[in-house]
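Asker: Please model the complete structure; the sequences and the hints are all you need to start from.
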Amino acid sequence: MAATMFGQLPQLKKANFDRWNAQMRALLKSQGVWDVVDNGYTTPEEGTVLTVAQQVELEGAQKKDQTALFWLLQAVDDTIHEKIADAETSKEAWDIIERVFKGGERVKQVRLQTLRGELETMRMKENEKVTEYINRVMTIANHMKRNGETVSESRIVEKILRTLTDKFENVVCAIEEARNIETLTIDDLSGSLEAHEQRKMKRLESLEEALQTMVVEEKAMYAHQPRGRGRGHFRGRGQGRGDYNREENTHQNREDQHRPTWRGRGRGAARGGRGGRPDGECYNCGKRGHFARDCWSKPKPEENLNVAEHEDDDGDEEGVLLLAHKEGSLTDDATWYLDTGASNHMSGYKHLFTELKEAEGGNVSFGDTSKVVIKGRGKVKFLQKNGQEGTIENVLYVPSMKTNIISMGQLMEKGYSADLSGRYLHLKDRRGRAVARVEMAKNRMYKLDLRSVNHKCLKVDLTDKSILWHLRFGHLNFGGLAELSKKGLVHGLPEMDFPKQFCESCVLGKHTRASFQKTAKYRAKGALETVHTDICGPITPSSFSGRRYFITFIDDYTRKTWVYFLKEKSEAFKTFKNFKAEVEKTIGLKVKALRSDRGGGGGGRIHFRLFYKVL
Numbered sequence: 001m002a003a004t005m006f007g008q009l010p011q012l013k014k015a016n017f018d019r020w021n022a023q024m025r026a027l028l029k030s031q032g033v034w035d036v037v038d039n040g041y042t043t044p045e046e047g048t049v050l051t052v053a054q055q056v057e058l059e060g061a062q063k064k065d066q067t068a069l070f071w072l073l074q075a076v077d078d079t080i081h082e083k084i085a086d087a088e089t090s091k092e093a094w095d096i097i098e099r100v101f102k103g104g105e106r107v108k109q110v111r112l113q114t115l116r117g118e119l120e121t122m123r124m125k126e127n128e129k130v131t132e133y134i135n136r137v138m139t140i141a142n143h144m145k146r147n148g149e150t151v152s153e154s155r156i157v158e159k160i161l162r163t164l165t166d167k168f169e170n171v172v173c174a175i176e177e178a179r180n181i182e183t184l185t186i187d188d189l190s191g192s193l194e195a196h197e198q199r200k201m202k203r204l205e206s207l208e209e210a211l212q213t214m215v216v217e218e219k220a221m222y223a224h225q226p227r228g229r230g231r232g233h234f235r236g237r238g239q240g241r242g243d244y245n246r247e248e249n250t251h252q253n254r255e256d257q258h259r260p261t262w263r264g265r266g267r268g269a270a271r272g273g274r275g276g277r278p279d280g281e282c283y284n285c286g287k288r289g290h291f292a293r294d295c296w297s298k299p300k301p302e303e304n305l306n307v308a309e310h311e312d313d314d315g316d317e318e319g320v321l322l323l324a325h326k327e328g329s330l331t332d333d334a335t336w337y338l339d340t341g342a343s344n345h346m347s348g349y350k351h352l353f354t355e356l357k358e359a360e361g362g363n364v365s366f367g368d369t370s371k372v373v374i375k376g377r378g379k380v381k382f383l384q385k386n387g388q389e390g391t392i393e394n395v396l397y398v399p400s401m402k403t404n405i406i407s408m409g410q411l412m413e414k415g416y417s418a419d420l421s422g423r424y425l426h427l428k429d430r431r432g433r434a435v436a437r438v439e440m441a442k443n444r445m446y447k448l449d450l451r452s453v454n455h456k457c458l459k460v461d462l463t464d465k466s467i468l469w470h471l472r473f474g475h476l477n478f479g480g481l482a483e484l485s486k487k488g489l490v491h492g493l494p495e496m497d498f499p500k501q502f503c504e505s506c507v508l509g510k511h512t513r514a515s516f517q518k519t520a521k522y523r524a525k526g527a528l529e530t531v532h533t534d535i536c537g538p539i540t541p542s543s544f545s546g547r548r549y550f551i552t553f554i555d556d557y558t559r560k561t562w563v564y565f566l567k568e569k570s571e572a573f574k575t576f577k578n579f580k581a582e583v584e585k586t587i588g589l590k591v592k593a594l595r596s597d598r599g600g601g602g603g604g605r606i607h608f609r610l611f612y613k614v615l
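So the sequence shown is numbered by the UniProt record's numbering: it starts at 1 and just counts up by one.
Hints were generated in silico from the structure; no laboratory data involved.
There's no promise every hint is true.
To be verified - No farther apart than 16 Å at their CA atoms in a straight line, the calculated lysine to aspartate or glutamate pairs in the EDC-like style are these:
id, residue 1, residue 2
1, K487, D497
2, K428, E413
3, K159, D187
4, K465, D497
5, K585, E529
6, K577, E120
7, K381, E483
8, K567, E118
As the list claims (entries may be wrong) - Now the in silico label distances, taken between C-beta atoms and shown as ranges:
id, residue 1, residue 2, range
9, Y416, R123, 33 to 43 Å
10, K287, R136, 38 to 48 Å
11, P44, H81, 49 to 59 Å
12, R146, D429, 51 to 61 Å
13, R513, Y424, 49 to 59 Å
14, Y522, E177, 52 to 62 Å
15, H81, E153, 37 to 47 Å
16, E568, E120, 14 to 24 Å
Remember, predicted model here, so these are calculated numbers, not experimental data.
By construction, the Cβ of each residue, glycine as well, lies at the ideal position given by its N, Cα and C atoms.
Answerer: Spelled out as C-alpha cells, the structure:
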C-alpha cells in the first residue's frame, strides 16, 4: 500500500543510512507525521476522563503514529526489521534506528575523526571532472554535518580551491584575487570551474579537428599527385592504340591482378607514373603507403633447419627444438647445448639423473617425421665453480639422444634472461645476477660444460660403545656407567672408558641462560620522543560501524595512550598521519621515533616504510 502510494520506499541498509535518513524525513514531513516521530505524543493515564476534543486529538495522534510506524517497518531490510519489530510507537522505532547507526557520542567522535581525515587528505584526480570532485567533497562534508560537525561553506570552498589539479592553477589565482572567498558560494565556484573546463575541452576538440583535417588533405594530395616517370598502370602518352590487358603478373600483388593496364601512344592527361600513393595496407608487411610488389620487406628464402618437436601422448605439441648437428659427431655427456628453440631440457644419459621418474610420456618428433620415445622426467645435479651443487629440473630422459639440451624458453619461464653480445651469451637469474657466460663455438652453437655430481654412499661405524650405552641409560654420566660395568651390576654391560667426544645434548642441557633485564635499556627523556604502536584484530563480531581493528599509540615518556578504531588494517597509515598531526599541534613537539612489531599480527604485514617517511 505504501509502495503504491509513494512509489518504492527507500530501503535502509548498512551503508546508506545518511541518504535514507534525509529521504524518510522529507517523506514523513510531507505527510504531516514527522512531529509524532520526532517528539512522540502524550498518552493519558488510565481513568482520566477526556473531553471530546481531547479524544479526537489523541486518536489523530495515534493514527499518525501508527501510519509512521508502518512506513518505517516497510522501509528497512530484514536485519533492521528484527530490531524494531517490537517497537510500539514510531518514535521508539526511530530512536532504535538512530542508536544502531549513529551510536553514542563517543562513536560519533570517532566517526568524525575519520571523516576529518578523509576530507583533509582528499585530492582531485588527474582525469576527474570538476563536478565529480565537488560531489565527492560535498558527500564527506554532508556526512560530517549529520554527525554534528559544523562545516561552513567557506571551508568547503577553500578546500576545493586548494586541492584542484595544476590545469586549474590560472583560474584559481583569478578567483582568489577577484572574489571574496568568505562570501563565495559553492554554486558560483562550481559554475566558474565548469566554464573553464568546458573552454579547455572545446579548445582541445578544435585542435583535434584541425589535425584530422590536415591528415585528410595530405592523403588527398598524395592520392592525386603524379609521382615521377616510370612503369605504372597508366603507360604511354594518352589516346591511341590501347588494349585492355588482364594478364596476371607473377610479381604483382592480389590488389593489382584484376586491375586493367592501358597502353598507347600520344599525349594524355597523366605522364607516365605510378599514380597516387595507395591508401590501403601492404599484404606483405602490413604497413600503409605502398603495394606488396614494391615492399622492401620481401620475405627471405626459408633456411634449412633440423627440427625436433616434443609430443605428448594426447598429440598436443609442447614445443619445438632447433638443433644444427654434424653427421657422425660424438658429444660428451658433460656438454650441454643452450638452445632458444628447445621446448624442454633433454638428455640421453641416464647416469646424469639424480632423480628420475621413469615412464613413457610422449614422443620427440623430428623434421623428417621420425620419432623417439621419452622414457622419463627428472632432475640433473651439477657442480658450480664455487663448489656448490646446482639443479636442472624437469629434464626429459630420451635414450635415443646423444646430446644434452638446455631449453632457453624453459629458463625464461623461471625468470632467467639472456643477452647476446659479440661471441658470448650472458645468462642472468631473475635478480639480474650473472649465472654463466658461454662462448660461441666454431659451429655457431653455445656449449656449456657441466660437471655432474658423483653419488657416494658412506658407511659410518661407531667403535666406541660408551656413547651408545650413555644414550640407552637416559644420558647417565660416564662415571656411573663405568661403576655399573666394573661392579657387574648390569648383565651384558661391557667394560667402557670415558669417551674422547662429548655428548652434545648433555652440554646444551647444562648451559645456563642470562636472565632478562628488568628495566629497559632506553627510556625516552621527553614527550613524543618515542611512540610505541600496535594493531589488534580482526575482532569478530565487528562493531555497528563495521570496525574490526584498533590501533594504539603509547608515548614512552608520559605513558599516555591514544586508541583509534579501524575498518581495515590498511587504514593504519592514514590514522597515524592524523594522530601525528593532532598530537604535534596540541603539544607543540614533534614525533621523533616510532616503534612497532611491523604489523606482524593478524591480517598481514604493513609496509612501515611509509610511516618512517612521514617522521
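Asker: Each hint: holds or not?
Answerer: Here is what the structure says about each hint:
| no. | hint | result |
| --- | --- | --- |
| 1 | K487 / D497 | holds (14 Å) |
| 2 | K428 / E413 | holds (13 Å) |
| 3 | K159 / D187 | holds (14 Å) |
| 4 | K465 / D497 | holds (9 Å) |
| 5 | K585 / E529 | holds (15 Å) |
| 6 | K577 / E120 | holds (11 Å) |
| 7 | K381 / E483 | violated (52 Å) |
| 8 | K567 / E118 | holds (14 Å) |
| 9 | Y416 / R123: 33 to 43 Å | holds (42 Å) |
| 10 | K287 / R136: 38 to 48 Å | holds (46 Å) |
| 11 | P44 / H81: 49 to 59 Å | violated (31 Å) |
| 12 | R146 / D429: 51 to 61 Å | holds (57 Å) |
| 13 | R513 / Y424: 49 to 59 Å | holds (55 Å) |
| 14 | Y522 / E177: 52 to 62 Å | holds (53 Å) |
| 15 | H81 / E153: 37 to 47 Å | holds (38 Å) |
| 16 | E568 / E120: 14 to 24 Å | holds (19 Å) |
When each numbered hint is compared with the structure, violations occur for hints 7 and 11.
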